[in-house]
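*Asks:* Quick mapping for you: the protein sequence lines, in order, are chains G and X. Number 55 in my numbering belongs to position 55 of the first sequence; there are no gaps in the numbering. Number 122 in my numbering belongs to position 5 of the second sequence; there are no gaps in the numbering.
Hints listed in this document are in silico derivations from the structure and should not be mistaken for laboratory results. Note that CB positions come from ideal geometry on N, CA and C, so glycine has one too. Treat the hints with care, since some could be wrong.
[As the list claims (entries may be wrong)] Have a look at the derived ranges for each label pair, beta carbon to beta carbon:
1. Ser186(X) <-> Leu117(G): 23 to 29 Å
2. Ser186(X) <-> Pro8(G): 41 to 47 Å
3. Thr115(G) <-> Pro127(X): 46 to 52 Å
4. Arg113(G) <-> Ala134(X): 15 to 21 Å
5. Gly3(G) <-> Lys119(X): 29 to 35 Å
6. Gln197(X) <-> Gln80(G): 41 to 47 Å
7. Lys119(X) <-> Thr115(G): 25 to 31 Å
8. Ser5(G) <-> Pro198(X): 26 to 32 Å
9. Val12(G) <-> Pro127(X): 42 to 48 Å
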Amino acid sequence: GAGVSQTPSNKVTEKGKYVELRCDPISGHTALYWYRQSLGQGPEFLIYFQGTGAADDSGLPNDRFFAVRPEGSVSTLKIQRTERGDSAVYLCASSRGDRRGFSNEQFFGPGTRLTVL
Amino acid sequence: QKEVEQNSGPLSVPEGAIASLNCTYSDRGSQSFFWYRQYSGKSPELIMFIYSNGDKEDGRFTAQLNKASQYVSLLIRDSQPSDSATYLCAVIGSGTYKYIFGTGTRLKVLA
């Protein structure tokens, strides 16, 4: 597909369980971002990848959250021991990443709505 | 103080009017500024980016940047009901690739 895809679109889990959220960026985009968005809030930065490496993971709220991008394309956000407060829409975005900032347009995926019961 | 601040609204304007959306940011070294539109239940989509002081126009949209005052605004001319959405301001801070988003301003264009 031409756009960023995310799976699953919805995930319902129980408190304490482990979840994985997947993001498939636009082909050729080297930069990949994960965000979390709660109702009535803007997207909250979690982590940024340039290629395979996490260039900035300062937004990950605690060590229950981890993300990987082993081959520089698909990324997986992993949440251990989920808590009710983790419930949100998790957004992924990708960009060319070849020039910082200027026209570094991010394209967002449709998001994964995570509900922790 | 939040890094990027927006009035949450709702901002209501009549159809055909100019909608003015404002955003202030705290990092004086910020270089790049973005406006996104987000419809309810959908993902953000980029409307405009700006990185130089002054105005930048694209169709009915004009972004305005004033780095000395640390604010960026978005004007929507000839507002249409289809413009009703939440408008998110995003800033890339100095020395980082991290986008910081405001909470968004909800715009309602009344037919």
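*Asks:* Could you run down the list of hints and mark each one as holding or not?
*Replies:* We went through each hint and held it up to the structure:
1. For Ser186(X) and Leu117(G), the Cβ-Cβ distance of about 46 Å falls outside the hinted range of 23 to 29 Å, so the restraint is violated.
2. Look at Ser186(X) against Pro8(G): about 44 Å separates their beta carbons, and that is inside 41 to 47 Å.
3. Remark: the range hint 46 to 52 Å for Thr115(G) to Pro127(X) is contradicted by a beta-carbon distance near 27 Å.
4. Separated by about 34 Å at the C-beta atoms, Arg113(G) and Ala134(X) break the suggested range of 15 to 21 Å.
5. For the pair Gly3(G) and Lys119(X), the beta carbons lie near 30 Å from each other, so the given range of 29 to 35 Å is met.
6. At about 46 Å, the beta-carbon gap between Gln197(X) and Gln80(G) stays in the expected band of 41 to 47 Å.
7. Between Lys119(X) and Thr115(G) the C-beta distance comes to about 27 Å, which sits within the given range of 25 to 31 Å.
8. Between Ser5(G) and Pro198(X), the C-beta spacing of about 30 Å keeps the proposed range 26 to 32 Å intact.
9. For the pair Val12(G) and Pro127(X), the beta carbons lie near 31 Å from each other, so the given range of 42 to 48 Å is not met.
Checked against the numbered hints above, the structure violates hints 1, 3, 4, 9; every other hint is satisfied.
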